[in-house]
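Could you build all of it, start to finish, from the sequences and the hints given here?
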Amino acid sequence: MKEQIHIIAAIVEHKPGVLYSVSNMFRRRGFNIESISVGPIEQRDMARMTITVKGDEKVVEQVIKQLNKLIDVIKVSRLDPESIVTREMALIKVHCDGAKSRSDIINYANIFRARVVDVSTESLMVEITGSPDKIDAFIDLMKPFGVKEVARTGITALSRGTKSVRIEE
Amino acid sequence: MVKMSGAQALLEALKKQKVDVIFGIPGGATLSICDVLYDSEIRHILMRHEQCAAHAADGYARASGRPGICMATSGPGATNLVTGIANAYMDSSPIIALTGQVNVFSANTAYMIGRDAFQEADIMGITTPITKHNYQVKTASDIPRIVKEAFYIATTGRPGPVLIDLPKDVQTQTGEMEFTDKVEIRGYKPSTEPHPIQVKRAVELLLEAERPVILAGGGIILSNASPELLELAEFLMAPVATTFMGKGCFPESHPLSLGCIGMHGSRVANNLILEADVLLAVGTRFADRSTGTLDTFCPDAKIIHIDIDTAEIGKNVEVDIPIVADAKKALKVIHQTLTEKLKKKERSPWFNRVQEIKEQLQENVSPSEKELKPPQLLKELRKMLAEDAIVTTEVGQNQMWASLHFKVYKPRTFISSGGLGTMGFGFPAALGAKVACPEKVVVDIAGDGSFIMTEQDLATSVMENIPVTVVVLNNSMLGMVAQWQRLFYKRRYSAVKLGSVPDFVKLAEAYGAQGVRVGSFNEFSKAVKKAIKSEVTTVIDVPISPEEDVFPMVPAGKSLKEMIEEGWSMG
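For the protein sequence lines, the chains are A and B, in the order given.
Read in order, the letters of the first sequence are residues 4 to 172 in the numbering used here.
Read in order, the letters of the second sequence are residues 413 to 983 in the numbering used here.
Note that these hints are calculated values from the structure, not bench results.
Be aware that one or more of the hints could be misleading.
[To be verified] Here are the simulated DSSO-like pairs of lysine-lysine, each with C-alpha atoms no more than 27 Å apart in a straight line:
1. A:5 to B:727
2. A:78 to B:601
3. B:601 to B:791
4. B:727 to A:61
5. A:68 to B:415
6. B:415 to B:427
[What the hints assert, rightly or not] The following residues of chain A were derived to be distant from chain B, with all beta-carbon distances above 12 Å:
7. 5
8. 16
9. 20
10. 71
11. 75
12. 77
13. 84
14. 86
15. 100
16. 107
17. 113
18. 115
19. 137
20. 160
21. 162
22. 165
What you are looking at is a predicted structure, and each value in this text was computed from that prediction instead of being measured.
Ideal Cβ placement from N, Cα and C applies to all residues, glycine included.
Here's what the structure looks like:
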């Protein structure tokens with residue numbers, strides 16, 4: 004079976020220890036988390052985890068079943084890659100010590116619809132949002148200037164249209 | 413709403429769950445709980461090691477079907493429970509572990525969670541992977557709800573251990589307590605009803621089957637589904653093999669019983685299960701010790717898998733028809749649906765083949781009066797015990813001899829550490845079983861290596877009047893490891909010779925128990941008969957040859973059909 008990236012959305016209790024029990028389950032069962040992003044949702048005391056996992060069909064099925072077994076995990080859904088919007092944000096600090104490189108970086112940033120959010124005499128900080136591929140491509144472009152630091156959020160995703168992962172109250 | 417302390421609320425909540433006994437050891441962080449237990453009707457049995465407290469709770473649960481409770485203080489008390497909790501987790505046994513913890517809040521002292529306080533251990537972190545769920549109580553008024561939820565989680569769906577960590581200041585804190593019977597856990601809704609379409613498909617397969625085999629696991633015992641299993645097996649005239657954990661769920665004296673499958677399964681079961689064209693597997697997780705290599709396991713069979721845990725379906729073995737349900741309900745529905753389409757099956761060629769193979773492979777154990785051999789000893793033991801007597805085992809050769817040669821007729825009368833394989837489990841589990849079923853005879857089939865791991869609880873059995881019988885099959889070796897070294901490591905005995913210490917007779921006597929050493933079958937019988945009537949625990953020391961092997965055996969990483977027998981040697 005083919006290994007590919009799967010995106011799983013899990014609605015969980017928003018309380019201490021839940022991230023631990025989720026990540027611990029992945030470690031114990033030998034599943035790899037490619038990325039995980041967590042944040043509270045609009046419903047009371049709940050948080051949403053967007054987890055990307057690499058593996059074949061069998062692996063992702065087991066991941067979902069094992070997630071479902073955790074008491075603090077309320078709902079698990081696998082997002083269909085064909086009908087979702089995925090986004091990642093990155094902050095990238097790039098070395099730049101001259102007017103030429105500064106204007107080059109700003110030009111690239113404009114093309115990628117990224118924004119310069121901080122400037123110093125020796126660096127620029129760029130904020131970029133998009134698919135992980137787009138961010139990879141932008142970072143590659145920045146490499147010749149000297150990438151000093153990168154902070155990426157990991158993927159977050161929502162299904163398009165009326166389909167949603169939420170708890171009926 | 414009632415106003416009371418956290419410790420009192422705990423006691424009330426436990427009483428509402430009909431808890432009658434707690435196995436534990438007190439300590440600095442459980443003083444307030446022990447104090448409220450002092451005046452209560454709940455029996456607080458003082459164990460001599462926390463591991464034994466957890467195993468005793470486990471034995472209590474398996475013998476009675478009710479959750480077993482153990483308690484320990486913070487830090488080392490809690491960490492000593494860990495092996496017992498992991499054991500219960502692997503075998504899906506419902507136990508509740510109560511642990512003390514350092515303060516949640518403290519003014520002017522560092523005795524507080526997260527400050528590395530005296531006897532602080534992160535028991536929540538430690539037990540997350542070995543509990544079904546765990547709770548740390550931060551506010552006393554949460555105690556009624558948490559206890560209620562803990563029992564609900566431990567005993568429903570696939571049962572398992574739940575831990576409640578109780579900080580010392582929460583125990584003394586007063587709060588408004590609300591005790592309700594409602595449980596509402598939004599992330600936990602176990603489904604128990606079989607899906608009708610899957611049932612229909614399963615029934616169709618079973619109707620067409622020419623060589624059906626039922627594989628019954630520990631789930632049958634947990635869901636009390638033995639009567640339904642028996643009815644279905646007889647209706648279909650389908651032979652029943654059990655996993656080790658399922659031993660006892662189907663009477664092993666029944667013509668349709670094949671015994672256990674697995675690494676030390678019976679010749680009959682290991683051979684016949686591979687011939688199946690339809691395998692109905694119920695309440696089993698297809699453990700590696702049961703199946704042998706997966707690609708050779710039931711190669712011609714369509715597999716129907718009934719399990720209450722969705723995650724077990726397709727985890728190890730690909731199945732044709734998955735049924736996520738309670739075993740009892742699923743078996744009942746399948747049987748009902750079958751009766752609408754078919755009269756009870758008569759003797760088929762398959763039934764005849766089963767009987768033929770059973771006769772052919774019958775073990776010829778002839779009693780040798782000279783040497784005490786475990787197979788005969790266990791057959792003798794069986795004859796002396798009533799059908800409802802409870803037998804526990806330790807882990808290793810003693811356990812596998814028991815699996816092969818000690819026939820079990822009733823569920824919950826054979827209690828052993830299957831998944832984790834915890835040496836030292838049998839004796840404290842026997843104590844727990846005896847507390848749960850004081851009217852029954854309880855015998856621990858032990859090896860010397862295992863028994864010395866938890867023998868200190870002879871003190872508990874004597875002081876708390878919990879009489880059990882321990883039969884030590886004493887080969888002065890860590891026998892199973894020695895067997896593997898004999899067979900696969902050119903007899904290089906690496907760190908397995910225990911020698912003839914301790915003297916188990918003197919050891920027993922030192923604790924105020926009875927000890928007896930036997931040298932013949934006659935003496936053995938006499939000793940057992942006396943022991944099971946005795947009002948004090950008896951240790952029967954049975955010296956056996958250190959060279960004794962358990963056969964047949966399926967070497968690790970082999971197919972069930974590649975059983976090796978006496979006289980085998982590595983090429």
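The hints, checked one at a time:
| no. | hint | verdict |
| --- | --- | --- |
| 1 | A:5 to B:727 | holds, 18 Å |
| 2 | A:78 to B:601 | holds, 11 Å |
| 3 | B:601 to B:791 | violated, 45 Å |
| 4 | B:727 to A:61 | holds, 8 Å |
| 5 | A:68 to B:415 | violated, 41 Å |
| 6 | B:415 to B:427 | holds, 17 Å |
| 7 | 5 | holds, 17 Å |
| 8 | 16 | violated, 7 Å |
| 9 | 20 | violated, 6 Å |
| 10 | 71 | violated, 7 Å |
| 11 | 75 | violated, 6 Å |
| 12 | 77 | violated, 4 Å |
| 13 | 84 | holds, 22 Å |
| 14 | 86 | holds, 25 Å |
| 15 | 100 | holds, 45 Å |
| 16 | 107 | holds, 49 Å |
| 17 | 113 | holds, 46 Å |
| 18 | 115 | holds, 40 Å |
| 19 | 137 | holds, 35 Å |
| 20 | 160 | holds, 21 Å |
| 21 | 162 | holds, 21 Å |
| 22 | 165 | holds, 23 Å |
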